[in-house]
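Asks: If you want the building blocks of each chain, they are given just below.
There are 6 protein chains.
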Amino acid sequence: MATFDISNIVQSLYEARHNWRQAQSRDSEPGGREFPSRDALAAILDSLKGVLFPMRLGPPDLRQESENFHVAHALDAALHALLKQVRRELKYNAGLNGTPGHDVDDQAQTAIQTFASALPRIRTLLDSDVLAAYQGDPAARSVDEVLLCYPGVLAMIHYRLGHQLYLLGLPLLARIVAELAHGATGIDIHPGASIGAGFFIDHGTGVVIGETAVIGERVRIYQAVTLGAKRFPTDADGKLQKGLPRHPVVEDDVVIYAGATILGRITIGKGAVIGGNVWVTHDVAPGGRIAQAESREGAFANSIAAT
Amino acid sequence: MATFDISNIVQSLYEARHNWRQAQSRDSEPGGREFPSRDALAAILDSLKGVLFPMRLGPPDLRQESENFHVAHALDAALHALLKQVRRELKYNAGLNGTPGHDVDDQAQTAIQTFASALPRIRTLLDSDVLAAYQGDPAARSVDEVLLCYPGVLAMIHYRLGHQLYLLGLPLLARIVAELAHGATGIDIHPGASIGAGFFIDHGTGVVIGETAVIGERVRIYQAVTLGAKRFPTDADGKLQKGLPRHPVVEDDVVIYAGATILGRITIGKGAVIGGNVWVTHDVAPGGRIAQAESREGAFANSIAAT
Amino acid sequence: MATFDISNIVQSLYEARHNWRQAQSRDSEPGGREFPSRDALAAILDSLKGVLFPMRLGPPDLRQESENFHVAHALDAALHALLKQVRRELKYNAGLNGTPGHDVDDQAQTAIQTFASALPRIRTLLDSDVLAAYQGDPAARSVDEVLLCYPGVLAMIHYRLGHQLYLLGLPLLARIVAELAHGATGIDIHPGASIGAGFFIDHGTGVVIGETAVIGERVRIYQAVTLGAKRFPTDADGKLQKGLPRHPVVEDDVVIYAGATILGRITIGKGAVIGGNVWVTHDVAPGGRIAQAESREGAFANSIAAT
Amino acid sequence: MATFDISNIVQSLYEARHNWRQAQSRDSEPGGREFPSRDALAAILDSLKGVLFPMRLGPPDLRQESENFHVAHALDAALHALLKQVRRELKYNAGLNGTPGHDVDDQAQTAIQTFASALPRIRTLLDSDVLAAYQGDPAARSVDEVLLCYPGVLAMIHYRLGHQLYLLGLPLLARIVAELAHGATGIDIHPGASIGAGFFIDHGTGVVIGETAVIGERVRIYQAVTLGAKRFPTDADGKLQKGLPRHPVVEDDVVIYAGATILGRITIGKGAVIGGNVWVTHDVAPGGRIAQAESREGAFANSIAAT
Amino acid sequence: MATFDISNIVQSLYEARHNWRQAQSRDSEPGGREFPSRDALAAILDSLKGVLFPMRLGPPDLRQESENFHVAHALDAALHALLKQVRRELKYNAGLNGTPGHDVDDQAQTAIQTFASALPRIRTLLDSDVLAAYQGDPAARSVDEVLLCYPGVLAMIHYRLGHQLYLLGLPLLARIVAELAHGATGIDIHPGASIGAGFFIDHGTGVVIGETAVIGERVRIYQAVTLGAKRFPTDADGKLQKGLPRHPVVEDDVVIYAGATILGRITIGKGAVIGGNVWVTHDVAPGGRIAQAESREGAFANSIAAT
Amino acid sequence: MATFDISNIVQSLYEARHNWRQAQSRDSEPGGREFPSRDALAAILDSLKGVLFPMRLGPPDLRQESENFHVAHALDAALHALLKQVRRELKYNAGLNGTPGHDVDDQAQTAIQTFASALPRIRTLLDSDVLAAYQGDPAARSVDEVLLCYPGVLAMIHYRLGHQLYLLGLPLLARIVAELAHGATGIDIHPGASIGAGFFIDHGTGVVIGETAVIGERVRIYQAVTLGAKRFPTDADGKLQKGLPRHPVVEDDVVIYAGATILGRITIGKGAVIGGNVWVTHDVAPGGRIAQAESREGAFANSIAAT
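Residue numbers (our numbering), protein chains in the order written: chain A, 8 to 314; chain B, 8 to 314; chain C, 8 to 314; chain D, 8 to 314; chain E, 8 to 314; chain F, 8 to 314.
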């Protein structure tokens, strides 16, 4: 039976941690871990999905006459679980900002109440997203199929809940909520983005939507679309400036086909159609249409994109 | 300890559900939930993988001399579990179509028997896919590695089982099976597509293959390839027409490199090679080669595709 | 209650397996299964994450004063679990190579000791990756957020551990480790690639980095970037030649924006910037800049990239 | 690796089952299993404990202001789960009795409603049992300790719920409920017994209380007490007669010490005290006292009661 | 946050272990643990119960037409799992006896085959036990109730399987099997005892049956009956002599009521009836009857048997 | 589908709780539940068993060379988990006593440190118990069998740990620890009892040992032995007086056979032997022997102790 030189490795790992903590000025970490928990948020999100859509995403044995019992209990439990995570982020943020954090409990309480009050509106927005997918995809057979099968709808549930957290000053929780969907769908929507009703993402893998993007109503996008930043402005010291509007504004009723890349604080006007794989860094007029030139058959240069 | 205003939120959520159900003409939902279950299908798929490849994807302690015992028992249990889901879809479809659904039990029984009979042929097709990957990838060291590690093979197991369900008139189950693979691999193959033996997808993230695509034998594709529709024909009322052939036909022995986009009911002729990132909307002759022009070094416009 | 014709299907499945095994010259499989286990490696990786970052990725109730106890115990258990998997791969490889495999136990023992000794250095490299992400992303608020939320960091933890296994002659374990991250993030880094300190992948979905790629320090890449092979050289018999350098060399401080495709054994010189969606198959000089021509508004050919 | 002669054993086991079923006249068992499930009842009992005592036996994170939400939801779910088991017993009983069982669903529905209505009264009775234990045991420090730690209280929760099922014509469910407590505590109370308020069993291991026993209020008993039958009357054919009163009547305020055996339809009068290890087969007058003669030191016959 | 003096305690615990191992002459324990596992045996027993009674104790969704598939697979898996435990006991015994243990694998293989062949006969014996309980208890409503609810039947399943292991020279496995039932039922039957068909234990808590007891057919006993040893003979050195017949012989058709204590190698003749709580250390003739004198009301000495 | 009248029942249950709380003067329960958790203690006990006997009761894959790593980590985690429970009891006790409870954290910290320091001594005591069982039971084949299979040893592990908690002023935690063993073994040892080294309980079901019992070294007892109180003294108000010595003192080397009942603050002198089923309420001299008169065959009064 094998014996390994555990003690020396443990010591070296300790030194590596020590170096990092010194470099980060945090060698005197408090005893426990007070960072929001990804697993806890995953469980909370699962509960909230059942609160929003009890007969579809709630417990499998639920009956309609008991919906309200389930909703009341699950909501109550989920909110108290979320309260614990909110407190952690607020304390953590207070630590980052060097503020005292005395009123973290009151802030958390208020944030949760506001978050809870927003849920009925979020449900209605998600209904509009489901309907948009149903109406926009020739393959969709029912709104139930859309709700249960479409990765774009899963991403939107996470986005609309995470966006609410973001608005409440909880960017870290919002980010975790977004990454849970990103991992499951390949769709990466920053919770800071603003997205109107009736949004539909088809297929979705590779979609990236940036923090300051603004999207109107009834917009439809396909897989691998990027709504990104064109450049990162820096300040006089060469540091990245944060929070400046740097992603596109996409007005109502725009369609953006797969693989299109749209960069910078430009505006895609109402009703415009952006073709697949195109590269856009200037405004597009309302009703405008941008297309990719087709590749032609010709001298083949043995170029391949595989590994 | 916090108390939230649960009762009001529960009431508002109830109203949101009520509005949706009225708009969808379904406020009198039957007591229970009778929609196919994603979790149940995930478990069934896991069992069927062990039925198809008992020594590799079956229980870890299986021995070869007991393979048939395991296969018989697991197959029997999986088919009966699937039968329950098939009944749910058939009833649901009958509800959608306004048909009485009297013979749902007989239909389900027949569908399962047909599905089961197809499994040996599906195993043989999957063997051809595994072999294609092994022969087509210089990094592959053994067929076992391919079966156990390659996301493209996982996607094909789901596709070939889901396609069989699709052919049996069970598009919803087929879709759920496909989405389970999509979530795990980033490969989105519609179960309606038709794909011949020896199909190999390398890397795979971002691949999209549409419902009416027809793919021959020994075809090889790389990550982010789209076989999509060029347009969605609408009928006189402006509604999307469903079921029309609208995705490419890809003949035998074609290779399509990463990021290529091939759109519409065009034909990529036998043995053609489509280069990476190209955009094709017209037929390509047998043996033809399409390549992307290389980007050149030049004036850099501060264009970046990041958020 | 339904009865299906299980016995015939079991027999046909048996024949399909028999045919495959005969074709693969392996009908006399040994009794049990001795292939490395994906599930076991997933558990080992989870433990090692806690060993490397005990207060962030270790057990939630850990306290800093107990870090070393946890690290010692978890490391010891993880190494012995890994030892079992290493033995399996070495035996399997011996089988493939037709070598006797007498010294598999000694080899495994040595490999684990070497692997363990590398862990402190891997921690330090990962610290540099976390810092690079924090400094390179205007949205990042803290190094903790980066470690816990960024899929690119998850992919790098798997890469740096898997790469170590690859160097120790364990390509199959390394591959499984890589695929675990690929499935969770959509980022596909071959464990054979060589990547320097301070590497940052943003968003990440669709990134593919090939086996012989060589990446310097402080490199930054975005989603859907491919560092691929331009062609697969074949030998006189038409068989793929393995192991030849066929992927790009990317020098220090390069930035590669989303969707760029860089193919073949070319060199991207120190400090170069590669724009989004470009296609590069020749060397780029140090400090060079490559950009995509912008798509223009014009005749719209009804081309869409959706299914 | 070992191979066992499975097929022959399977065949012999089949024959053993076949013989049994023929002897029991039931070889044509219906396809599935429709017997009440011990596991299901265990889960239902756990839920009902939380319904009755939400802050002590409900979910650990419950808060008092949410009690009613929890109670409503858990009660609703538990009753529907119980409904399924009630239907199974009623169908099974109809099969045993050779009655058609047409109205099983209505009967089940009615039984559950009656059962549910009895729960508040059961809670009040259990409160009296808890109080009796607290007042009767010099070691008890609080009513909470009694509720959470005393096996006698656990047995009474099961008894009072199971007795209600027994009264509703569900002797099998009642029996399973009783055996769940018997296994956990060593206390075997037949659900047919009738037990008044304020009943306290201390220690409890080995207590047996028979089906027709009648116990008044404020009775206290200790471990290994038996309230049993003196003889089993048989009918003219020598078959056991069922349902006849054959166990003791124990009036209010009686105390029975450990190991006492009380047999037959006798009456232990109000306020009587029965000493430990005694053997009683005749009535005891109200206020009467029965004691065991003490063993004396003497010739020791090497008699030991060990194995 | 608290810090405890872990290191010193760890050191002291190490010394305590060291002292024990030295005293037991086993300080050089081999690397791993090779003792049979209680958890593993619990799982094996659960499987074997389903093998013996598939429609009652097998998986809840089993259908009768699939019984043989389930039985074959579960039996195969359970036997191989048991094989591993048998090897451990044989090796352990070889270590205790100082024998080389070369042929442990062959012995284990043979033992398992013999054990498996006995299963159909064990099923038939258990059927006779179930029938005896059904016929002997006025409260029993069906053989199914007896099989599923009666602790005495659970104890007999464990006894009959454990006894077979005991006969095969595996006393430790047999003991673990017995203790699993003892913990669940309070019935302690030594696996070395010999028990004929149609044995019925009612209630059962506190029953103890010793290693060399011999019990005939159709015997019935009640709770707290002891069939024990009268004395433990010692050898010339004062050490306990092992394996001598020291427990009662109970002939066919005997009934022993609750709490009776029967000690030593005496014979209870065919058809005898032993009353409750009696104490017997001499032979009882066939058809004999032993009864307890009744306790009488009288001077009450404040004697109570409670704590 | 059934609908039950949930709302009314919820309301009635609320009223039942309200009545109870008013009667108990505790209607204003604090928001959450702060009572020690049985489940948490069960987990802590499992960990501590592995700390005390790492190679036998620790994780199954432990190796001897890693014992200390495991012990350190598991001990650290178990102590912190126990700390939480200790705080709960101390707060709860402060509430019961009406004391402020300011120093609960310090008290808890001290209690845990003392508890931890006692562990090596407890291990040594348990070693003496194991050895006593091995030497006292002719059926025991090895000390390992005793440790792993004997319910009496399990009960002693719980007793020795629980007794330590009792001495530290944590009677509720101690009681829960004792009841966990009581439920599993039928052995009910009050944690307040004092028991010397080398204590052996054989079979054990039904054993009851009271709070103030004092037991010397090398004592051996069998199943169903009671060491109980003879009477409960009451004070002037008729209330039970607590804490008075009321259970037997059993001196060194005493043997007590099955079913014996020993009551009151009497002394069983060194080396005495108490026969089975006897009833003792006066002192027994050192070396004394008490035996049960044998029951004789005679008029059988149809007395049976069954239900």
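Any given hint could be a false lead.
Same chains, same names: a pair is fine if it fits in one copy or spans any two.
Below are the EDC-like pairs computed for lysine to aspartate or glutamate, each with C-alpha atoms no more than 20 Å apart in a straight line [to be verified]:
{"id": "1", "residue 1": "249", "residue 2": "151"}
{"id": "2", "residue 1": "246", "residue 2": "72"}
{"id": "3", "residue 1": "91", "residue 2": "68"}
{"id": "4", "residue 1": "246", "residue 2": "22"}
{"id": "5", "residue 1": "249", "residue 2": "72"}
{"id": "6", "residue 1": "277", "residue 2": "244"}
{"id": "7", "residue 1": "98", "residue 2": "151"}
{"id": "8", "residue 1": "91", "residue 2": "12"}
{"id": "9", "residue 1": "98", "residue 2": "242"}
{"id": "10", "residue 1": "249", "residue 2": "46"}
{"id": "11", "residue 1": "98", "residue 2": "68"}
{"id": "12", "residue 1": "246", "residue 2": "260"}
Calculated from the structure, these hints are not laboratory results.
Asks: None of the hints should be skipped; say for each whether it holds.
Replies: Right, here's what the structure says about each hint:
no., hint, result
1, 249 / 151, "between (40 Å within a copy, 18 Å between copies)"
2, 246 / 72, "neither (57 Å within a copy, 36 Å between copies)"
3, 91 / 68, "between (29 Å within a copy, 12 Å between copies)"
4, 246 / 22, "neither (30 Å within a copy, 49 Å between copies)"
5, 249 / 72, "neither (49 Å within a copy, 36 Å between copies)"
6, 277 / 244, "neither (39 Å within a copy, 23 Å between copies)"
7, 98 / 151, "between (40 Å within a copy, 14 Å between copies)"
8, 91 / 12, "between (40 Å within a copy, 17 Å between copies)"
9, 98 / 242, "neither (29 Å within a copy, 55 Å between copies)"
10, 249 / 46, "neither (29 Å within a copy, 41 Å between copies)"
11, 98 / 68, "between (39 Å within a copy, 18 Å between copies)"
12, 246 / 260, "between (37 Å within a copy, 17 Å between copies)"
When each numbered hint is compared with the structure, violations occur for hints 2, 4, 5, 6, 9 and 10.
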